[in-house]
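**Q** Those protein sequence lines, which keep their order, are chains S and D. Residue 102 in this note's numbering sits at position 102 of the first sequence, with consecutive numbering throughout. Going from the second sequence to this note's numbering is simple: count from 1 and add 1000.
These are computed hints drawn from the structure, not numbers from a lab. Treat each hint with caution, since some may be false.
As the list claims (entries may be wrong) - Some chain D residues judged to face chain S by a derived CB distance under 7 angstroms, without partners named:
hint, residue
1, 1010
2, 1043
3, 1100
4, 1105
5, 1107
Even for Gly, the Cβ is constructed at its ideal location relative to N, Cα and C.
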Amino acid sequence: AQSVTQPDIHITVSEGASLELRCNYSYGATPYLFWYVQSPGQGLQLLLKYFSGDTLVQGIKGFEAEFKRSQSSFNLRKPSVHWSDAAEYFCAVLASGGSYIPTFGRGTSLIVHP
Amino acid sequence: NAGVTQTPKFRVLKTGQSMTLLCAQDMNHEYMYWYRQDPGMGLRLIHYSVGEGTTAKGEVPDGYNVSRLKKQNFLLGLESAAPSQTSVYFCASSKQGRVDYGYTFGSGTRLTVV
Chain S
1 AQSVTQPDIH
11 ITVSEGASLE
21 LRCNYSYGAT
31 PYLFWYVQSP
41 GQGLQLLLKY
51 FSGDTLVQGI
61 KGFEAEFKRS
71 QSSFNLRKPS
81 VHWSDAAEYF
91 CAVLASGGSY
101 IPTFGRGTSL
111 IVHP
Chain D
1001 NAGVTQTPKF
1011 RVLKTGQSMT
1021 LLCAQDMNHE
1031 YMYWYRQDPG
1041 MGLRLIHYSV
1051 GEGTTAKGEV
1061 PDGYNVSRLK
1071 KQNFLLGLES
1081 AAPSQTSVYF
1091 CASSKQGRVD
1101 YGYTFGSGTR
1111 LTVV
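Chain S on its own, in the form it takes in the complex:
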C-alpha cells in the first residue's frame, strides 16, 4: 500500500522568500504524485501532478515540484512567495496500475510574514 509523509506541520516564510515544502512517499513502483492547495474555508485545488517523463513539473500560481526517485520525494517549490500563498498544502500519492484512491499527507500549513 502507498503512503505519504509531509514532515513539516507548519512552515513560516517572509514574503518574497523562496519556499520548499517536503513530501516523501512509500510505494514499490513509480506512483502518480500530486500537490493540492487549500485556502481557508475552501476545498482543495490541484497545483500540479507528476505521472511520468520530465521529473521537474510546473504547476499553477508559479509552483513547481521535482520528483526524485532515489529519495522517494516530490518536494514543492516556489522562488518567491506572495502573501496570498498562505494556505494548507497537501501532497497525495496514487498507486499506478489502475488504482483510483489517492492517499493524502497530513498537510503543511504555510504562514507568510509581510
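We have chain S; now place chain D onto it with these hints.
**A** Frame of chain S, contents of chain D only:
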C-alpha cells in the same frame, strides 16, 4: 461550470440527531468520494463510489452511510451523530480512467455535533 457542490456549508447537530450531506457534480464523473478533514490528520476517506448504485468503505466508515442513486449525486448520512463526528467534510470526484486529471473537490461542509 459548477464542478462539485456540497450542501449545506455549515450545520450544528445535537448528539443523536441524523442528517444527510449532499454532493452533486456536473462533470459526468464516474468516481465520487467522501473525506473528513480533522486538524493534524489530513484527509481521511470515509466512503467512495465507482459508479451509480455502487459504494465501498474507505478508511473511516463507521457511523456513516452513503448512497449513489444517481450518477451526479453522492449522499453521506449520519444516522446518530456523535461529537467525534465534528469535522469538515469534503466531497470529491474524478473521471474513470483519467486519474491524471486529478480530483475535483467541493468547498466543504463544516459540521459541529454538540
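**Q** None of the hints should be skipped; say for each whether it holds.
**A** Structure-based check of all given hints:
1. 1010: Since the shortest Cβ distance to chain S is 10 angstroms, the answer is violated.
2. 1043: holds, 4 angstroms
3. 1100: Holds: closest Cβ of chain S sits about 5 angstroms from residue 1100 of chain D, inside 7 angstroms.
4. 1105: Interface hint status for residue 1105 of chain D: holds (4 angstroms vs cutoff 7 angstroms).
5. 1107: Holds - the Cβ of residue 1107 of chain D comes within 7 angstroms of chain S, reaching about 5 angstroms at its closest.
The structure shown violates just one earlier hint, number 1.
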